[in-house]
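Residue numbers (the numbering used here), protein chains in the order written: chain A, 760 to 1013; chain B, 4 to 484.
It should be emphasised that the hints constitute simulated quantities derived from the structure, not laboratory data.
Predicted, not measured: the structure shown is a model, and the values here were computed from it.
Quick reminder that beta carbons are idealized off the backbone N, C-alpha and C, glycines included.
Treat the hints with care, as some may be off.
Unchecked claim - With a cut-off of at most 20 Å between alpha-carbon atoms, the simulated SDA-like pairs for lysine to any residue come out as follows:
1) B:Lys349 / B:Val419
2) B:Lys462 / A:Ser856
3) A:Lys872 / B:Ser443
4) B:Lys428 / A:Tyr848
5) A:Lys1001 / A:His965
6) B:Lys428 / A:Ser903
7) B:Lys428 / A:Gly907
8) A:Lys952 / A:Gly841
9) B:Lys428 / A:Ser856
10) B:Lys428 / A:Pro813
11) A:Lys870 / A:Pro853
12) B:Lys473 / A:Ser856
13) A:Lys913 / B:Ser430
14) A:Lys870 / A:Glu840
15) B:Lys473 / A:Asn866
16) A:Lys898 / A:Gly910
17) A:Lys872 / A:Glu851
18) A:Lys913 / B:Glu432
19) B:Lys268 / B:Asp326
20) A:Lys898 / B:Gly454
21) B:Lys428 / A:Glu851
22) B:Lys428 / A:Pro849
23) B:Lys428 / A:Pro853
24) B:Lys428 / A:Glu906
25) B:Lys473 / A:Lys983
26) B:Lys462 / A:Asn859
27) B:Lys358 / B:Thr417
28) B:Lys428 / A:Ala814
29) B:Lys428 / A:Lys1008
30) A:Lys870 / B:Ser443
31) A:Lys983 / A:Val858
32) B:Lys473 / A:Gly910
33) B:Lys473 / A:Lys913
34) A:Lys870 / B:Ser430
Said to hold, decoys possible - To list a few chain B residues with every Cβ distance to chain A over 10 Å, as calculated:
35) Leu59
36) Arg63
37) Leu66
38) Ile81
39) Pro165
40) Arg179
Each chain, written out:
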Amino acid sequence: MKPMLEIKNLHANVNGKEILKGINLSVKAGEVHAIMGPNGSGKSTLSSVLVGNPAFEVTEGEVTFDGKNLLDLSPEDRSREGIFLSFQYPVEIPGVSMVNFMRAALNEHRKYKGLPPVSATDFLKLMREKRAIVELDNKLASRSVNEGFSGGEKKRNEIFQMAMLEPKLAILDETDSGLDIDALRIVASGVNKLKTPENAAIVITHYQRLLDYIKPDVVHVLYKGRIVKTAGPELALELEEKGYDWIKKEMGDE
Amino acid sequence: MQDSNNIINEVTAGDYKYGFVTDIDTDVIHRGLDEETVRIISAKKNEPEWMLDFRLKAYRHWLTLEMPKWPHLTIPTIDYQDIIYYAAPKKKEGPKSLDEVDPELLKTFDKLGIPLEEQKHLSGMAVDAVMDSVSVKTTFKETLAEKGIIFCSFSEAVQHHPDLVQEYLGSVVSYRDNFFAALNSAVFSDGSFVYIPKGVRCPMELSTYFRINAANTGQFERTLIVADDEAYVSYLEGCTAPMRDENQLHAAIVEIIAKEHAEVKYSTVQNWYPGDKDGKGGIYNFVTKRGLCKGEGSKISWTQVETGSAITWKYPSCILAGDNSVGEFYSVAVTNNYQQADTGTKMIHLGKNTKSTIVSKGISAGHSQNSYRGLVKVSPRAEGARNHSQCDSLLLSSTCGAHTFPYADIQNETAVVEHEATTSKISEEQLFYCQQRGISVEEAVGLIVNGYAREVMNKLPMEFAVEAQKLLTISLEGSVG
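Excised from the complex, chain A in its bound form (with noise of 0.2 Å):
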């Protein structure tokens, strides 16, 4: 089978500075990739470049998704593709309602799709379907983006967007983060009640912990903007148990 997304010797700059040099991944249809890597090895910067966020520039390498050249497309293009962002940080967007908000979002995929807009009864029918996966009130869904959510809030909202789009390629930018134990058992049995046989996960995390519920088939480390080591789920909770001061001696760093 061919990998739904491969990667080949991609490297990217921040303000001309070299974060990504050199990286390599293929993830086929029905796999959970795991990035992990200590802080300021570059695993969000590579869900950027994914996503084609403007301040990242690629210098290097190719990406192909599906069979298309991904560093070609636009953003709402490699969205309406089937890529998707849970972002780290979810943004704010006051005075816009996520109603408003998804139903553009999801029309914009329908279109793309030679699909006609979506009925006003069908759009809220399918609102109130994907919001119980990640048990989202629907004093959330009718507020604006973002707006006054608490941080495992933004999280869930996220998880829901996904739902909403149903993509193929759905990557999880530290969506552990600032997440209680509660919270984080939502959010990932929604990530797992969306996952099938067709698509495929990549979950950036820095702990162990989000994979106890979300497990990978994969675990790569990502070190210095290079992909180090490759291996099964075992390797993660080898790093829980040693942090990452192992992965840098064999580096010949410290």
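Starting from the structure of chain A, add chain B where the hints point.
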């Protein structure tokens, strides 16, 4: 970040859809303004003596005035002798069909989305269509007359309802009020007149659509709305003009009188040609609008969506004379490219327990300048007066300016006056967040701006809310940074 600035610039470089010119024979008088001009206009309209007197007094007073210098606007020198003060589409000779309206004119208004044939109207709305200096047609006049409602052009009112006009003309906005009010009072050529009798709720929206067509002319129209005791009317005004390289002057007056427990809602969707993206051309919109809540428990609300004009100078105001009367002002003012706006309101509390609400939402983009200027005045006898003002500014570029000039003059210590103000920007992060969900920058700006203006848009009559929403998005095409 340069890239996203470019994207935003592209998004806000929209086109003006109403810039066409109608090819029609126009009756114009000589350029320039003197007593003769005033007399010609009055004669053309076959006006009674008192009307001419009013005009001449205004003209003579105008000669003693100078243009106001206090607005936060850069207004190039206007040569008042280089303007044509009267231009009217010529009536064609021949069969008197379709109420004698020239098909070319019907086509023009059709193109603007304002069909003048009554059978084409979708819903309850009567229209007075004004092209350059004259009213072309007023629809549903007969239907309204059955309820005793008078809705006609100003010229017609002078002829057929002289008592009403004489009683109320200049009673809210005196010709001595300001430079442009004096000018308008001298040379105004047409406009709309509305009278709602005692206890009548006007069954449809009334609206006037103003169109400037002829070149080198100014448009000076006047609207007078009188709501008798316990009457209700909702009135809407729309305006467009062709795209021309020269600036054109539009100086209007609107007067509203609300008697006991009467309510008047006045909504404006102002879309005069704003000039091109380099600031060339466009309409100078210098307007005096004022309502008098004369009776106890009366209410006047102004709602305005201002997207057009090169320069806007207007302060729709309420004089709250009746006890327990209510004044409201809801405004969205959008400026893009090199547009300038100095707009706001005055709430003058004279009666006891009078209440006013001000919600102003400024949206500035490009190199534009957008100012809110407002006055809340509470007179010594206005026991228990209350005001709440909310002035928000949204900036879409780093080259535009947003300014707030709130004035308060409180002479009664029982008054409660509150003022809130915020300034915000659309951030790169917000736009990117939208993009990541599949929403293009253009649409994201539209969503955010419409969300921001929602509180005001909700006040518009349904039929126009949708149109106004689209207009907001189009006016800002090409503008975040």
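Comparing the hints with the structure gives:
1. Distance check on the hinted pair: Lys349 (chain B) and Val419 (chain B) sit about 16 Å apart at the alpha-carbon level, within 20 Å; holds.
2. About 18 Å separates the Cα atoms of Lys462 (chain B) and Ser856 (chain A), which keeps this hinted pair within 20 Å; it holds.
3. The suggested pairing of Lys872 (chain A) with Ser443 (chain B) holds, with an alpha-carbon distance near 16 Å, which does not exceed 20 Å.
4. Taking the CA atoms of Lys428 (chain B) and Tyr848 (chain A), the gap is near 18 Å; set against the 20 Å cutoff, the hint holds.
5. For the given pair, Lys1001 (chain A) sits about 13 Å from His965 (chain A) by alpha-carbon distance, which is consistent with the 20 Å threshold.
6. At most 20 Å may separate the alpha-carbon atoms for a hinted pair to count; Lys428 (chain B) and Ser903 (chain A) meet this at roughly 16 Å.
7. For the suggested pair Lys428 (chain B) and Gly907 (chain A), the alpha carbons sit about 18 Å apart, so the restraint of at most 20 Å is met.
8. Distance restraint check for Lys952 (chain A) and Gly841 (chain A): the Cα-Cα separation of roughly 18 Å lies within the 20 Å cut-off, and the hinted pair is therefore satisfied.
9. Restraint check: the Cα-Cα separation between Lys428 (chain B) and Ser856 (chain A) comes to about 18 Å, which is no more than 20 Å; the hinted pair holds.
10. Proximity of Lys428 (chain B) to Pro813 (chain A) is assessed by CA-CA distance (about 19 Å); at most 20 Å being required, the pair is judged to hold.
11. With a CA separation close to 26 Å, the supplied pair Lys870 (chain A) and Pro853 (chain A) exceeds the 20 Å bound.
12. Restraint check for Lys473 (chain B) and Ser856 (chain A): the C-alpha separation of about 18 Å stays at or below 20 Å, so the hint holds.
13. Proposed proximity of Lys913 (chain A) and Ser430 (chain B) is supported: the alpha carbons are some 18 Å apart, at most 20 Å.
14. Under the criterion of a C-alpha separation no larger than 20 Å, the hint pairing Lys870 (chain A) with Glu840 (chain A) is consistent with the structure, at around 12 Å.
15. Only pairs whose Cα atoms come within 20 Å are accepted, and Lys473 (chain B) paired with Asn866 (chain A) is accepted, the gap being roughly 17 Å.
16. For the hint pairing Lys898 (chain A) with Gly910 (chain A), the CA-to-CA distance comes to about 16 Å; that is within 20 Å, so the pair holds.
17. Using a Cα cut-off of 20 Å, the hinted pair Lys872 (chain A) and Glu851 (chain A) is violated, with the two alpha carbons roughly 28 Å apart.
18. Straight-line distance between C-alpha atoms of Lys913 (chain A) and Glu432 (chain B) comes to about 15 Å, which keeps the hinted pair within the 20 Å bound.
19. Straight-line distance between C-alpha atoms of Lys268 (chain B) and Asp326 (chain B) comes to about 19 Å, which keeps the hinted pair within the 20 Å bound.
20. At most 20 Å may separate the alpha-carbon atoms for a hinted pair to count; Lys898 (chain A) and Gly454 (chain B) meet this at roughly 18 Å.
21. For a cut-off of 20 Å, the pair hint linking Lys428 (chain B) to Glu851 (chain A) stands: about 12 Å separates their Cα positions.
22. Annotation: proposed proximity of Lys428 (chain B) to Pro849 (chain A) holds, straight-line Cα distance about 17 Å (limit 20 Å).
23. The straight-line distance between the Cα atoms of Lys428 (chain B) and Pro853 (chain A) is roughly 11 Å, inside the 20 Å bound, and the hint therefore holds.
24. For the given pair, Lys428 (chain B) sits about 15 Å from Glu906 (chain A) by alpha-carbon distance, which is consistent with the 20 Å threshold.
25. Restraint check for Lys473 (chain B) and Lys983 (chain A): not satisfied, since their Cα atoms lie roughly 48 Å apart, outside the 20 Å limit.
26. Restraint check for Lys462 (chain B) and Asn859 (chain A): the C-alpha separation of about 19 Å stays at or below 20 Å, so the hint holds.
27. Pair hint Lys358 (chain B) plus Thr417 (chain B) holds up; C-alpha atoms about 13 Å apart against a cutoff of 20 Å.
28. For the hint linking Lys428 (chain B) to Ala814 (chain A), the alpha-carbon distance of about 18 Å falls within 20 Å, and the restraint holds.
29. Restraint check for Lys428 (chain B) and Lys1008 (chain A): the C-alpha separation of about 46 Å exceeds 20 Å, so the hint is violated.
30. For the suggested pair Lys870 (chain A) and Ser443 (chain B), the alpha carbons sit about 12 Å apart, so the restraint of at most 20 Å is met.
31. Pair hint Lys983 (chain A) plus Val858 (chain A) does not hold up; C-alpha atoms about 41 Å apart against a cutoff of 20 Å.
32. Our distance criterion of 20 Å between C-alpha atoms is broken by Lys473 (chain B) and Gly910 (chain A), whose separation comes to about 34 Å.
33. Among the hinted pairs, Lys473 (chain B) with Lys913 (chain A) is inconsistent with the structure: their alpha-carbon atoms are about 30 Å apart, more than 20 Å.
34. For the suggested pair Lys870 (chain A) and Ser430 (chain B), the alpha carbons sit about 26 Å apart, so the restraint of at most 20 Å is broken.
35. Distance to chain A confirms Leu59 (chain B) as a non-interface residue, since its nearest Cβ pair spans about 51 Å, more than 10 Å.
36. Against the 10 Å criterion, Arg63 (chain B) stays outside the reach of chain A, whose nearest CB is about 50 Å from its own CB.
37. Non-interface call for Leu66 (chain B) relative to chain A: holds, since the shortest CB-CB distance, roughly 48 Å, exceeds 10 Å.
38. A cut-off of 10 Å between C-beta atoms confirms that Ile81 (chain B) is not in contact with chain A; the least separation is 38 Å.
39. No beta-carbon of chain A is positioned within 10 Å of the beta-carbon of Pro165 (chain B); the least distance is around 49 Å.
40. Every Cβ of chain A is farther than 10 Å from the Cβ of Arg179 (chain B); the closest lies at roughly 42 Å, confirming the non-interface assignment.
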